[in-house]
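First to last, the protein sequences are chains R and X. Just so we're aligned, residue 1 is where the first sequence starts under the working numbering, counting upward by one. Just so we're aligned, residue 1001 is where the second sequence starts under the working numbering, counting upward by one.
Please note that the accuracy of each hint is not assured.
Listed below are the simulated DSS-like cross-link pairs for lysine-lysine, each with C-alpha atoms no more than 27 Å apart in a straight line [said to hold, decoys possible]:
1. 1099(X) <-> 173(R)
2. 173(R) <-> 1083(X)
3. 173(R) <-> 1160(X)
4. 173(R) <-> 1116(X)
5. 173(R) <-> 1112(X)
6. 1099(X) <-> 1160(X)
7. 173(R) <-> 1137(X)
8. 173(R) <-> 1162(X)
Calculated directly from the structure, the hints in this document are not laboratory data.
Below, each chain spelled out in residue letters.
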Amino acid sequence: MSLLASFFRNPWGRPRWLAVITTIYIVWSIIPVSIAILFAFNASRSRSNFTGFSMRWFNGATGSAFHDEALRHALIHSLELAVLSVIVATPLGLFLALGLQRWRGRGAGMTNLLMLLPLVTPEIVMGVALLLLFISVFGFIGLGTTAQAIGQITFSLSYVVVIVRGRLVSIGKDYEEAAADLGAPPFDALRRVLLPLLGPAIIASAAIVFATSLDDFVITQYLSNGPDTQTVPMLLYSVSRGAPTPALNALATIALVITIGTLVAAFLVFRRFSSSGGQAATEIATLDL
Amino acid sequence: MTDEGTRVSGGEITIVDLTKRFGEVAAVDGINLEMPPAEFFTMVGPSGCGKTTTLRMIAGFERPTEGQILLDGVDMSQTPPHKRDVNTVFQSYALFPHKTVAENVGFGLKYKRVTKAEYASRVAEALALVQLTGYEKRSPTQISGGQQQRVALARALVLKPKVLLLDEPLSALDARLRKDLQVELKSLQQNLGISFVFVTHDQEEALTMSDRVAVMNEGRVEQCGPPREIYEAPATLFVADFLGVSNLIAAESAGSGADGCRLAVGDFSLRAEQGELTATGSVKAMIRPERVRIEPHGTPGENRLPGMVEHSVFLGSFQEVIVRLATGGIVKSVVANDGTTPFPQGTPVSVHLPADGLRVLVGPPAAEPTPAVADLA
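So here's chain X without its partners, still in its complex pose (with noise of 0.2 Å):
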């Protein structure tokens, strides 16, 4: 991070009970959100959750059908496109093939009233910012993928913007560029200043690079707070099952006691400390793999359960094991590679499920696995 002098103050954006309806769908359904002056702020959900239509209500390309959105206090959810202090990288990048990369650059300086002096120096200045200097006569079909994605950035950046909104921007780049330029984002935000909203469906990107994420799903706000707390502390099944990996065990609640939330789980009994303790009748137990322990067979004490490993898979610095449970369910560990192979397919074993890292959580679970899921499964 750079000092705080040369911050330029990042916009604030307030969203209030924003919707909007195509017909008789709701592909934006009322949704409230706070995104905090330069911050790295983050929309992450299935596709058609509706985080792509709110970027574009807050850059304007759409229309509310109601509800407000603040840029600093101002609602401008009826002011025009092209008089929103807010700047779009596209998915596309929606870069004009009949103009140069430095007459790409400038498009927007036309019209700021700049100096001739001042239009050449501040795309020169955004040019060097996205390391594409001695790029500017070149036409932006002559350039790479990761290119044309610095243009665009460069385009919207040379505006100054309060806020710059980012749709799915590094999705049509290979997968090493876009671990690169995740890290390069990240830190162009930093030294700037100023606010990004960024869209993706990637449940990782979204960890990795915000300050805060809102967790969306068919036009709702599942969970928003900063990628720790929705990971460690799902509010809802649908988050859970969405970011990262979650094992989601069927259990009957008994309700809450002293000491956390009794589960029942088959003829096996469960004690929760996390989550929806005073949830009575049909519940899901949810835990991490990572807090999954794996126990030789028949260890005494809570919150175990006998089970047989169904299958080991070696994934390198760690190893995945899946767990079939006595009572019918499948768990997953993961146990850090330490030499040595313990749990071989077939052997009987004693899953250990944490009080203190087992949630309770009702509601419906996310309608399709992540991918990270499907990979692991």
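One chain only, chain R, in its complex shape (with noise of 0.2 Å):
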């Protein structure tokens, strides 16, 4: 009892209760996932009673990950959408937020506030109004892949600007004066220098497009059409009501195994390519969802 009391009280040291606090938290948020991941490997087709590891799940002859047709187009799918949002939703961003450090007039306040009504409206709201847009304004387009590329695309937007813009600000503007100073004409300016000043924030806010698309369940889910453009949170949505295996499992671990090393590659380039790899980091780290 003397022993506990005198490792919490620790004048010296950090404070002991924070780091149990934080380990609790951890451990609270990793244990439901890591279960998750475990009955992935399970040998049979339990999803509560651990008989033993084995592979089958991921690439068995039948029912795996890799052979059940629908959810290896699932995921398939999903990597589509992805990266289709990441090629068009960071150059474009990128452009967006280069626009809007340099609008200074009129409007540009409320511009701002337009890129971040998409963080911070339901996505549900902005599901259903999407559903609405293609069914309705957008007939032609219809409900399919483009439809959820375009949707995801439209909040996915918000972040690249915000990442963007916020490296723009403390980038500043001197580089590009001296550019300019130079005999640096404005394209060359942009190329030269504040590109590769912007790089490590186009690289974090790119993954980031990246990790959203993979996870976004909502908008995706109503601009669809059918088995066709399932994704797999769509497609781990509706069979785990049904008759789920492990092979579900497996295919969550997959897509989550993406997404963070999409995340994990990104800060390492950050860093190395980066003088200012911290800033990069905690960019990554603040807006991780």
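Please dock the two separately framed chains into a single complex, following the hints provided.
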């Protein structure tokens, strides 16, 4: 007892009770995920009784994530949407951020607010709104992959703008002015100075767009037009209510690994190529979902 | 100085009725300046006086609301910065952190149509000029503040501009390094023969380095001239107060006579030979501390006011004596250290204010005291 008391009463070190609370929180948030991952490797069909280690739900001949047509299709479709989102949202958001940064006149404040709106609007509201949009106004597009991609880009664009603008503010205008002063026309100043300096922010926002796209359920579900455009989260949701097998856990595990892998890779690239790696890390950490 | 033959011709900048408004506020309010070629020209003033905005308009980063900026007679006020034949050393240096020292220096040469060989030789030459040969491959983040400053200088000078603009380039350095670089900048300017336009809030820097100083306040030029002229003959109270240490004594002027201006300070009368001798009414009598003589109490003669030593500060090579006048004001005097301590605190003295050092000024004084005044007070 006195040992425990002296552990907490430590006037010189860091406050230990903070460490304890942090540890409890981390364990609490990791346990469910760990259990889900564990059962992806279960030898039997059970998702509650672990009987032994097996890879059968990943690559077994029947009912595994790789061989089940529906599961594999969902994974491919998820990746398809994620790549589309990154390809469109990153450059678009980058140029929006550059434009907004320079736009100091009337309307700039309003646009700032509008950019943040998708981040605070409940996703279900946005989903419904987009559904109506694609059914009535943009009937020629209709529901399906295109609609899903546009829906995801609509809100992931905001992340890119927020991250890139944050970096633009910290970079300041000195570098650009220096480039212009040395004779660089505006486009050259952008290409030779601003873009390299923005590199870490661009990579961070691309990674976040990718990860949010993989995770998104509500909007993607609303804008889907059937099993052909089912993503991993949608599939997990529908199947888990029917007759789930550990193959679902296997699929979830694959999705998780891809998401985490993306963020870690982005973080490493960041550290490698940016002189201010610490700041980039913060950008990822604060916006991680 | 090098011989005239090796000199590059420096550019001449003429500023005509230049105004810059940000909304309702006029940061620069219709100024006119002549910056002669191959001179070290300094704009000095308190923060917010418009000196940096003026420099930024010369560089092209701000668009003038009104007025013209002529470089060798050609108006460039509407030319974008990348097409101007001037280069800037930024207060933050703004070295590109993703490029090496050599790449930073060579950045602008990409727009100068130089051959590869010329590119290499000019980069090497510029680095040699600022004594940074051997630092080519370093990142700007790996070198000291003073070295960064030199790289910024080399990056601008490699383009052989007609005019080099410097925006408080020494303010981020420590005092000792600053002194060294002051000397270096000055000799660089003389050797290269190009025009320097330097912006600083440091009055000492302005006085020691410049061929010509413009003292600015609230978007206007208070006075422009050689450092000695500005120090010895300040045209306004602001200039007198801002540059160096000044004694400003409130007085009533009775107007000019044959031998100068008659002033009344309390019950005492003074005669001034400098400044606005024809002014009447409430004025300030200004005199530099080094011109004030402290004499034994009761010394006869004109321009002598009785007082008592309030403070005597030993400063090594000289001693500063602060005297409370019988009329209530305070006068600072600087006395050379001759091995004695002639005026201990509380000594009644006679303060001699020689008429040829006494200047009559009218108008509002500087809003805030300069650091130097605060230090000595």
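Status of the hints after comparison with the structure:
{"no.": "1", "hint": "1099(X) <-> 173(R)", "result": "holds (17 Å)"}
{"no.": "2", "hint": "173(R) <-> 1083(X)", "result": "holds (18 Å)"}
{"no.": "3", "hint": "173(R) <-> 1160(X)", "result": "holds (24 Å)"}
{"no.": "4", "hint": "173(R) <-> 1116(X)", "result": "violated (30 Å)"}
{"no.": "5", "hint": "173(R) <-> 1112(X)", "result": "holds (24 Å)"}
{"no.": "6", "hint": "1099(X) <-> 1160(X)", "result": "holds (21 Å)"}
{"no.": "7", "hint": "173(R) <-> 1137(X)", "result": "holds (26 Å)"}
{"no.": "8", "hint": "173(R) <-> 1162(X)", "result": "holds (24 Å)"}
In this structure, only the earlier hint numbered 4 is contradicted, and the remaining ones agree with it.
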